Amino acid sequence: MNVQTSIQTGVGQRDRVNDFVIKIANVNGTGSASANGLLMKTVFRMGVPVVGKNLFPSNIQGLPTWYEIRVTKDGWQARSGDLDFMIAMNPESYAKDVQEVSPGGYLLYDSTWPRPELTSRPDITALGVPLARMCNEAFGNARTRVLMKNMAYVGAAAALLDLDLDIIHGLIGEMFAAKQKLIDANKQAVAIGYDYARAHFDHPLPIRVAPMDATKDCVMIDGNTAAGLACVYAGATFGAWYPITPSTSLMDAFKAFCEQLRVDPETGANNYCIIQAEDELAAAGMAIGAGWNGARAFTPTSGPGISLMSEFIGFAYYGEVPLVLFDIQRVGPSTGMPTRTQQGDIALAAYASHGDTKHIVIFPGDAKECFDLTVAAFDLAERFQTPVFVLSDLDIGMNDWMTPKLTWDDAWRPDRGKVLRAEDLEKVQKFHRYLDVDGDGVPYRTIPGEHPKGAYFTRGSGHTKFGGYTEDSNAYQEVLDRIARKWANAAAFVPKPVTLDAPKATKLAILTVGGCDGAAREAIARLAEEGVCLDYMRVRGFPFGQEVTDFLAAHDTVFVVEQNRDAQLRTLLINETPAKKAQLISVRDYGGMPASPRFIIDGVRAHLHGAAKEAAQ
Amino acid sequence: MTSIVKPRIDKHLPRNALGLTVRDYEGVMSTLCAGCGHDSITAAFVQAFHQLDLEPHRAAKVSGIGCSSKTTAYFLGQSHGINSVHGRMPSVASGAAAVNPELYYIGVSGDGDSLSIGLGQFAHAIRRNVNMLYVIENNGVYGLTKGQFSASADIGTRAKKGEVNEMSPIDPVMMGLTLGASFVARSFSGDKKQLVPLIKAGLMHRGFALIDVISPCVTFNDHAGSTKSYAHTYKYYHPVVHADFVPEETEVTADYDAGEAMPVKMHHGGTVMLRKTGRDYDPRDRDQAFELMRKMEGREILTGLLYLDESRADMAEMAKLPQTPLNALPHEALCPGSSRLAEIMKGYG
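Taken in order, these protein sequences are the chains called A and B.
In terms of the working numbering, the first sequence has 337 at position 337, counting the first letter as 1, and numbering is strictly consecutive.
In terms of the working numbering, the second sequence has 1167 at position 167, counting the first letter as 1, and numbering is strictly consecutive.
Hints listed in this document are in silico derivations from the structure and should not be mistaken for laboratory results.
Since the model is a prediction, treat every value here as computed from it, not as a measurement.
Every residue gets a Cβ at the ideal spot worked out from N, C-alpha and C, and that includes glycine.
Hints may be right or wrong, so weigh each one.
Pair by pair, the computed Cβ-Cβ distance ranges are [stated by the list, open to error]:
{"id": "1", "chain 1": "A", "residue 1": "P103", "chain 2": "B", "residue 2": "R1340", "range": "46 to 52 angstroms"}
{"id": "2", "chain 1": "A", "residue 1": "E478", "chain 2": "B", "residue 2": "G1156", "range": "47 to 53 angstroms"}
{"id": "3", "chain 1": "A", "residue 1": "H432", "chain 2": "B", "residue 2": "R1340", "range": "55 to 61 angstroms"}
{"id": "4", "chain 1": "A", "residue 1": "A612", "chain 2": "B", "residue 2": "R1340", "range": "52 to 58 angstroms"}
{"id": "5", "chain 1": "B", "residue 1": "E1343", "chain 2": "A", "residue 2": "G31", "range": "27 to 33 angstroms"}
{"id": "6", "chain 1": "B", "residue 1": "S1338", "chain 2": "A", "residue 2": "E100", "range": "21 to 27 angstroms"}
{"id": "7", "chain 1": "A", "residue 1": "H354", "chain 2": "B", "residue 2": "R1158", "range": "33 to 39 angstroms"}
Derived pair list, reagent style DSS-like, types lysine-lysine, alpha-carbon separation capped at 30 angstroms [as the list claims (entries may be wrong)]:
{"id": "8", "chain 1": "A", "residue 1": "K179", "chain 2": "B", "residue 2": "K1346"}
{"id": "9", "chain 1": "B", "residue 1": "K1011", "chain 2": "B", "residue 2": "K1193"}
{"id": "10", "chain 1": "B", "residue 1": "K1320", "chain 2": "A", "residue 2": "K255"}
{"id": "11", "chain 1": "B", "residue 1": "K1346", "chain 2": "A", "residue 2": "K255"}
{"id": "12", "chain 1": "B", "residue 1": "K1193", "chain 2": "B", "residue 2": "K1235"}
{"id": "13", "chain 1": "B", "residue 1": "K1011", "chain 2": "A", "residue 2": "K430"}
{"id": "14", "chain 1": "A", "residue 1": "K216", "chain 2": "A", "residue 2": "K73"}
{"id": "15", "chain 1": "A", "residue 1": "K187", "chain 2": "B", "residue 2": "K1346"}
{"id": "16", "chain 1": "B", "residue 1": "K1161", "chain 2": "B", "residue 2": "K1146"}
{"id": "17", "chain 1": "B", "residue 1": "K1346", "chain 2": "A", "residue 2": "K405"}
{"id": "18", "chain 1": "A", "residue 1": "K216", "chain 2": "B", "residue 2": "K1346"}
Model the full structure from these sequences, guided by the hints.
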């Protein structure tokens, strides 16, 4: 053990400026989230790229919660898997937290109470700050003392990691706006920790933050906020939902932005409608009703909600009603771990509902894509008159991501697809809802109430291309086949995959999806250092386009990286592309944590090692 | 089987103010059993719309699954219809009504659709006071699956194969009153004189207008021992209040003795003249409605416009929806543009 009580440097710690991981262990419900967010934002405002992950329980108060901040001068987007600076504020998880610190790392703890567990780690440096004692002396009521303890560790961390105190003060000012009393109290708490650390420890530590200029054109935003904002920009006027973690903040964001941006200044009327439904079934039904009636409509949910909505999803698929469904994936099956992340609904979304159904699925990989691809999803839903899934996850949706500022092209206009308005209907002899007039699988639709000639009957029962009820095999099959063609044609319109070529030609590649992007890119860089060259592709849309087929054909071995147990992305590739099963090597991680490069590096190494061994025999 | 289109022979039929005959308000040929109560209700819809001089394409028909839900294809062939999934019509109607409150929404459901699988959605549409006419074609059985009891089956009623129901029924009228529906009526498919004005009043009502229509199933529930048969309904049928619908432009003539008739101005036009039929009953009084319904439960089938409150805010008002329907707002009114986004981004730096 190496408990510092006076000035001392780290144990064998090399200088690591702007490249380390901070983790804060708290009890949830103690107001630590804002203190932790402030820490991260301080690093960001110092111009240093940062990754923040909130690891929280499905609970309101009293359970352990962690916040992880990766300071990364190279701008990596994933968790690193290391832990260099632990702020251990939760007695419940203390023993575990101590064990987690990487050798040579630091542990900041509240030395108001003795911590005998520390003896187990002679390889780390423990920094005791009597946070509770100092805050009890400085502040009056119990709740304030608890809250200020959080700000006091921010202060101590600031001194040790060389954070800019002016930036911290600025953020406190923004946080509490005009409440001067709160601003003063918070600044005082920061000073308590800051002064104590400076007086008692060698500072700054070898791990520390030095200003850079790498975040200027960036923002820190979570995917759900970006998606909610995108719904406003894409022209969605109707959202129905049933609260479920981790999708709730998407509707919260939509509501907040609508209150700012969609209230008619003259009349006070809302140019939007949000209905909190009685359940997910109703939420889907409402979005379908609104989509059928000509509005851009959506419903945000998570896996359990998609299960409940499945009947309606099939109805919208067969009745050809546009709507956008957000599935912010969490850990399944069943209730699973509601506050942990996973990519477990890939197969569900692709084929949701009974009978022959195939859907358009969009996979954003970060917060910016949650914005851009949401806009694309609304266009696709109307162009192809079908439900479109936006498959995000808890990590993308609820964590703050450093991302280039969201931008908007004012020339953009919504693609409403093939809609015959009243003036068009005046010109047509007869309108048939499900007739493939143009031979592209997409029929024309009309909006209820616009013109008597536009009337048609939407049904989930068997129907002919003219829209009438049928139980005739051929007439039924004709419509079903046309819908399959329509879906296949969407492959050319879904967002293109993102690729990265290895510096030299290689027959090895990684193919992944969604929030694995950062981890995969970092793994590729690390493996390149070992001489393993890998091309890279991240798919962003389903059905898969020609680019995916070509990429698979161009590589002998493709590591399919994803966060679920059953290799669902790999299954889709086997199902929907000519790829050979044996060429697709599954690399998976499904414990519920945001991805880190480690499982990918291990998976690739293990396979290559096995292949080499086999070759030698 | 395909949809059968009716021949149009309408030369000598009377025309309404729009120059349309009842034929213009019909749909495809019904495929229900001969004598089905539902077909009478379909005919009542046609008459009501024709008499109200409403443009047929300004209606939107919504339904779930079951014999009753099929009927939306049999009237108003010139309006859009959506025959959705079992028990979930209320949610589809809610979403549709939210984005264009200007249409006349007609929800057709059955006792299976609304009182079993769809009970939750039925209840919540009432809570939201969705501006729609909601008709339950109530026959106490599942028809398409051949005669199982539904949740509206009365205690003691006997199924065709002899089984007796012992579970207490769910009464949509009592549910409507409990949940705060602002228009609650009961009628009988065999009494068009009562039903047509009720449909008209329901269409002109602001908010959720519920009409529970006893509509006997001739194939599975019209035998002796059934409490939803034609014979039983005729025997115990008791109109407790008459509701005449007087259109906007017509003068309310003095057929009514002062104090006997209770005029209620309807939000979307016209006046409903409520008349007592002997009992001292005021359908504007929710407590009275409760009391009487409870008292006569299992004894008489009380019909008429049982409760009416024209003052309640509907979903559109509660959601502060704009004058222009949401589905017709132009891009410019919806998209805040690039400079506003740049402003917003400052909050995330």
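Worksheet item: How does the Cβ-Cβ distance of E1343/B and G31/A compare with 27 to 33 angstroms: does it lie in that range?
Response: holds (29 angstroms)
Discussion item. Just to be careful, I want the Cα atoms of K1346/B and K255/A compared with a cutoff of 30 angstroms; is the pair within it?
Written reply: holds (19 angstroms)
Discussion item. Hint check: K1320/B vs K255/A, CA-CA at most 30 angstroms. Holds or violated?
Written reply: holds (14 angstroms)
Worksheet entry | Given hint K405/A paired with K1346/B - CA-CA distance at most 30 angstroms | holds (9 angstroms)
Fill in: Pair hint K1011/B and K1193/B, alpha-carbon separation not exceeding 30 angstroms
holds (25 angstroms)
Worksheet item: Is the Cα-Cα distance between K187/A and K1346/B 30 angstroms or less?
Response: With Cα atoms ~24 angstroms apart, K187/A and K1346/B stay inside 30 angstroms; holds.
Worksheet entry | Supplied distance hint 21 to 27 angstroms, evaluated on CB atoms of S1338/B and E100/A | At 45 angstroms between Cβs, range violated.
Worksheet entry | Range hint 52 to 58 angstroms (beta carbons of A612/A and R1340/B) holds or violated | holds (57 angstroms)
Item to complete: Please work out if K216/A and K1346/B have their alpha carbons no farther apart than 30 angstroms.
Response: At roughly 11 angstroms apart (the allowed maximum being 30 angstroms), K1346/B and K216/A satisfy the hint.
Worksheet item: Taking the CB of P103/A and the CB of R1340/B, does the distance hold inside 46 to 52 angstroms?
Response: Cβ of P103/A to Cβ of R1340/B: about 50 angstroms, so the range 46 to 52 angstroms holds.
Worksheet item: Given a hinted range of 47 to 53 angstroms, is it respected by the beta-carbon distance of E478/A and G1156/B?
Response: The hint (47 to 53 angstroms, Cβ to Cβ) holds, given that E478/A and G1156/B are roughly 50 angstroms apart.
Discussion item. Need the status of pair K1161/B, K1146/B: alpha-carbon distance at most 30 angstroms?
Written reply: holds (11 angstroms)
This entry does not satisfy hints 3 and 6, going by the numbered hints stated previously.
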